[in-house]
Amino acid sequence: MLDIHIRLVSRMAGTRFLILRRQLVQSSVSRKPVHLKTFLLILVMVIAGPLGNVLLGKGMKQAGSLAIWPPTEALHTALRVFATGSIWLGVGSLLVFFLANVLVLSWADYSYVQPASSVGYGVSALLGYFLLSEQVSPLRWLGIAIICLGVLVVGQTNPRSLERSPTGMERSERA
Amino acid sequence: MLEVVLFLLIVLAGTGGELCVSRAMKAVGEVKDFRPAAIARVISRALRVGWMWAGVGLMALAFFSLLGALSILNVSFVVPVTALSYVAGALGAVFFLREQVSRRRWAGVFLVSLGVTLVFLGNR
Chain G
1 MLDIHIRLVS RMAGTRFLIL RRQLVQSSVS RKPVHLKTFL LILVMVIAGP
51 LGNVLLGKGM KQAGSLAIWP PTEALHTALR VFATGSIWLG VGSLLVFFLA
101 NVLVLSWADY SYVQPASSVG YGVSALLGYF LLSEQVSPLR WLGIAIICLG
151 VLVVGQTNPR SLERSPTGME RSERA
Chain Z
176 MLEVVLFLLI VLAGTGGELC VSRAMKAVGE VKDFRPAAIA RVISRALRVG
226 WMWAGVGLMA LAFFSLLGAL SILNVSFVVP VTALSYVAGA LGAVFFLREQ
276 VSRRRWAGVF LVSLGVTLVF LGNR
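In the order they appear, the protein sequences are chains G and Z. Using this note's numbering, read the first sequence as starting at 1 and increasing by one per residue. Using this note's numbering, read the second sequence as starting at 176 and increasing by one per residue.
Don't read these hints as lab results, they were simulated from the structure. For glycine and all other residues, C-beta sits at the position ideal for the given N, C-alpha and C. Hints are supplied without guarantee of correctness; some may be wrong.
[Said to hold, decoys possible] To give an idea of the chain Z side of the interface with chain G (calculated C-beta under 10 Å), a few residues:
{"id": "1", "residue": "A258"}
{"id": "2", "residue": "Y261"}
{"id": "3", "residue": "F285"}
{"id": "4", "residue": "S288"}
{"id": "5", "residue": "G290"}
[As the list claims (entries may be wrong)] Per the computed footprint, the stretches of chain Z lying under chain G, defined by three or more beta-carbons under 8 Å from a beta-carbon of chain G, are:
{"id": "6", "segment": "239-245"}
{"id": "7", "segment": "272-284"}
The whole structure should be built from the sequences, with the hints applied where relevant.
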């Protein structure tokens, strides 16, 4: 009787071990593509967001003066702005950024993805400098670097305002 | 003067829009199912919340203000200054959503404010 019991337990333990091992193998196998996927999407975010801003900037400079009064002038301005190719490329680029952001946030932590947003401020300035030949003073570069750092620090704090306590009741963030 | 108005609109309307959308999405509930049909149901539920419409309207206003700012100013100046939305976001979270903001987040908000001040000074 005892022997049957021990065999049963060892068999159950063995099955459990096999299941655990299979789960471990599966997770180690599936982990690599997830990391690559996350990395690629963050790279898309870092490029598409700032590129969108630069294209919007280029398009708005091309669109010329922006009169918004009287309303007929505003309509003409809007038509001129949305007839500019760079504006649509910029909007498309920002949509790609938005989509990549939403997708990556569906499996990766916010604090893991968020540095991409902080880097975006610096990349926007770099693209403005190199692609649009904007003049950037050393003081502005310093300010941009501090902004990136500040946004990074903000992003590393817990983004959830509510968390579950062991009793299942929700309590406010106290960090 | 026009620059200041545009930046105020970008930051305040943008942050206000995000807070309204955040409030609407809290009313809708946490999204756990990411299949297209489930997402479509979440969107249709969200569109029945008044805060969502207010949020989308404010975000559109912020976007057009950003276009206005980019028509007269450099990208390397406009985009970093829009980081002020983190300052407005922290203040809005405290006063509008009654959330608690950690010291570390306030430190980040201070760094962003310092950086924006330097960017403004560097533009002169």
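The hints, checked one at a time:
1. A258: holds (5 Å)
2. Y261: holds (5 Å)
3. F285: holds (7 Å)
4. S288: holds (8 Å)
5. G290: Constraint on G290 of chain Z satisfied, holds at 3 Å.
6. 239-245: It holds, with 4 qualifying residues against the three required.
7. 272-284: Held - the segment 272-284 of chain Z has 9 residues with a Cβ nearer than 8 Å to chain G, which meets the minimum of three.
Checked against the numbered hints above, the structure breaks none of them.
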